[in-house]
Amino acid sequence: MGIYFLKSEAIAGLYSTVEADRDLYLKGSFSEYGLGSPLKSFESSGSVNTQELSTIHLPTKDDFYEAENSEIVFSAFRDITRYQAADSRMWSYYSLMYGLPYARKRYPTKFQADTSVEDLLNCVDMHFLKSNDSRNLLRNNILARLWWNARVVNDVDPRTAPEMLRALLINTDHRASFIERPTQFSTNAFQAGLLYSLKKFKEDNKNIYFDAPRSTKGAAKEVTHYNYRAALAFLNRLGGTVNLNLLKPTEIMDLIAKDEDVFYSAAAAKV
Amino acid sequence: MRFDPKKSFGYPVLRKNSSDYVNADISTSIELLETDGSTHIYEIEYHVMIGVREIKDAILSRDLSLVVSFFCPKTLYSESFVTQELNGRRAVDMRNIKGDLHINVEVIVNSESYSLVSDKFHPEFSDSSKSFLLRRGDLVAQGWPEKLFIEREVFQSVISLFQWAPNDDLHDGVWKLGTTSDSVQIFANTKQISLLTAASNSKVGRAVLINSIFFPAIIQLIGQVMSGDFDDGDLWFKVLEMKLQSTGDVISPKSDPIELAQKLLKNPLSALNQTLLMDE
Numbered sequence: 001m002g003i004y005f006l007k008s009e010a011i012a013g014l015y016s017t018v019e020a021d022r023d024l025y026l027k028g029s030f031s032e033y034g035l036g037s038p039l040k041s042f043e044s045s046g047s048v049n050t051q052e053l054s055t056i057h058l059p060t061k062d063d064f065y066e067a068e069n070s071e072i073v074f075s076a077f078r079d080i081t082r083y084q085a086a087d088s089r090m091w092s093y094y095s096l097m098y099g100l101p102y103a104r105k106r107y108p109t110k111f112q113a114d115t116s117v118e119d120l121l122n123c124v125d126m127h128f129l130k131s132n133d134s135r136n137l138l139r140n141n142i143l144a145r146l147w148w149n150a151r152v153v154n155d156v157d158p159r160t161a162p163e164m165l166r167a168l169l170i171n172t173d174h175r176a177s178f179i180e181r182p183t184q185f186s187t188n189a190f191q192a193g194l195l196y197s198l199k200k201f202k203e204d205n206k207n208i209y210f211d212a213p214r215s216t217k218g219a220a221k222e223v224t225h226y227n228y229r230a231a232l233a234f235l236n237r238l239g240g241t242v243n244l245n246l247l248k249p250t251e252i253m254d255l256i257a258k259d260e261d262v263f264y265s266a267a268a269a270k271v
Numbered sequence: 001m002r003f004d005p006k007k008s009f010g011y012p013v014l015r016k017n018s019s020d021y022v023n024a025d026i027s028t029s030i031e032l033l034e035t036d037g038s039t040h041i042y043e044i045e046y047h048v049m050i051g052v053r054e055i056k057d058a059i060l061s062r063d064l065s066l067v068v069s070f071f072c073p074k075t076l077y078s079e080s081f082v083t084q085e086l087n088g089r090r091a092v093d094m095r096n097i098k099g100d101l102h103i104n105v106e107v108i109v110n111s112e113s114y115s116l117v118s119d120k121f122h123p124e125f126s127d128s129s130k131s132f133l134l135r136r137g138d139l140v141a142q143g144w145p146e147k148l149f150i151e152r153e154v155f156q157s158v159i160s161l162f163q164w165a166p167n168d169d170l171h172d173g174v175w176k177l178g179t180t181s182d183s184v185q186i187f188a189n190t191k192q193i194s195l196l197t198a199a200s201n202s203k204v205g206r207a208v209l210i211n212s213i214f215f216p217a218i219i220q221l222i223g224q225v226m227s228g229d230f231d232d233g234d235l236w237f238k239v240l241e242m243k244l245q246s247t248g249d250v251i252s253p254k255s256d257p258i259e260l261a262q263k264l265l266k267n268p269l270s271a272l273n274q275t276l277l278m279d280e
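First to last, the sequence lines map onto chains S and C. Start counting the first sequence at 1; every next residue gets the next number (the working numbering). Start counting the second sequence at 1; every next residue gets the next number (the working numbering).
Bear in mind the hints are in silico, worked out from the structure with no lab data behind them.
Residues on chain C that point at chain S, a partial pick, calculated with CB under 7 angstroms: (1) Phe71; (2) Thr75; (3) Arg95; (4) Lys98; (5) Ile108; (6) Gly137; (7) Ala165.
It should be emphasised that the depicted structure is a prediction, and the values quoted were computed from it without experimental measurement. Backbone N, C-alpha and C fix where the C-beta goes; we use that ideal spot for every residue, glycine too.
All chains should be modelled from the sequences, with the hints used to inform the complete structure.
Rendered as structure tokens:
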């Protein structure tokens with residue numbers, strides 16, 4: 001069995017029938033919808049272990065199981081190429097076929113009986129069908145975002161991938177600070193930044209590095225001054241004058257470490 | 001490192017559209033080459049021309065190095081290598097790349113320290129100092145950022161752009177053309193699509209399809225480009241553009257759509273000649 005991709009026309013059809021398919025999204029399944037027929041999808045070389053996909057942990061209030069599920073999805077799609085992984089039509093097919101129970105638990109407010117058609121349409125667009133938007137795949141597609149979590153940590157070092165995955169996913173902002181800034185991937189700064197987070201995570205996952213000194217005064221409710229952001233800003237500044245690809249990630253980590261006291265105090269000063 | 005010709009480094013950096021140097025330039029050219037025996041592995045050939053003798057000499061003496069970086073934002077693939085060669089090739093696996101591949105060439109300091117001198121500095125630098133002491137990793141010259149557009153469709157026949165799309169409101173024998181950002185659809189009713197799909201399995205059937213469906217469809221697409229009815233991010237537009245680049249053509253308001261469509265389909269009439277017409 002190959003890898004399935006929804007045809008563009010089938011995706012357009014699914015958009016136009018969201019209201020009619022409402023029950024399938026809220027409590028049903030697309031397994032009998034015929035998405036695998038040649039009129040709705042096409043096959044490419046490779047394989048996907050769909051049995052593994054069925055072992056995804058359903059998120060709870062207390063634990064989204066992001067790291068565990070990233071490993072499961074990465075393993076189920078272990079044979080795909082980056083080219084295939086960047087194709088939203090593939091993720092649309094598998095997210096609809098196998099990701100709905102997970103999506104309902106991960107984003108419960110979007111799958112309520114009183115969810116409006118407009119909100120459901122937005123949800124289907126964001127988490128299942130949106131095409132030609134690589135950032136959406138990294139951020140919102142039900143299965144793609146999990147696969148990419150595991151992909152980037154395996155790119156740094158497969159041996160440390162499980163622990164680095166947990167460091168990467170320590171909070172949503174930390175993940176976004178790396179994965180949603182794709183230009184960082186073009187230099188060793190990305191690897192060095194992740195390795196530095198792993199180092200701090202291993203020391204203590206409640207490390208001050210992951211703290212956000214936050215004012216209890218003022219109207220700002222959003223936490224933005226995480227200490228690790230100062231490290232990433234430092235890397236940005238450094239990369240503006242020095243070609244970081246010439247330096248080894250360990251050399252770059254040493255430079256971050258030298259600057260650490262400065263950015264802790266700078267972050268604290270912003271509070 | 002982002003290319004910004006207006007950025008000041010506190011010392012001269014050779015860049016296009018920057019006045020840090022006078023009467024000196026850096027230019028790069030990039031080309032994608034097929035390799036024998038592999039459908040996935042291609043080679044990127046680069047050429048770097050530097051108009052400052054001191055920089056070229058320092059590359060030869062290894063005080064400076066060239067860093068060539070590839071980065072694909074869609075697949076997060078990145079690779080860079082350090083070299084002393086101003087011209088060279090690097091194999092890349094196309095399965096790692098989708099869409100734009102950014103290619104940056106920078107000349108950086110390779111030794112622990114390097115004294116940058118040149119008689120081509122802009123006078124505002126020469127006034128203050130004749131040389132600048134740089135440290136390892138500092139930027140000395142930066143090529144204009146290059147980009148290659150890489151989609152599988154670019155390397156396949158232009159016909160791979162087309163998808164059959166059922167529309168049972170259409171009568172037998174009738175078809176319509178539609179475009180989305182990433183495909184071109186041939187609409188026909190379900191029965192008609194079955195017949196067309198079956199036809200594509202034989203040499204004669206393919207020759208007929210190329211001439212009766214794909215040829216007029218491509219003429220229509222070229223017409224859309226000529227009239228501005230497209231988005232320059234549309235996959236089909238980028239594929240047509242890349243395919244025509246390889247034949248030295250561009251779509252302009254004065255283009256002949258029939259001539260260009262024949263080039264894109266490698267003279268579709270010859271497919272009929274080789275199957276139906278020559279047999280008669």
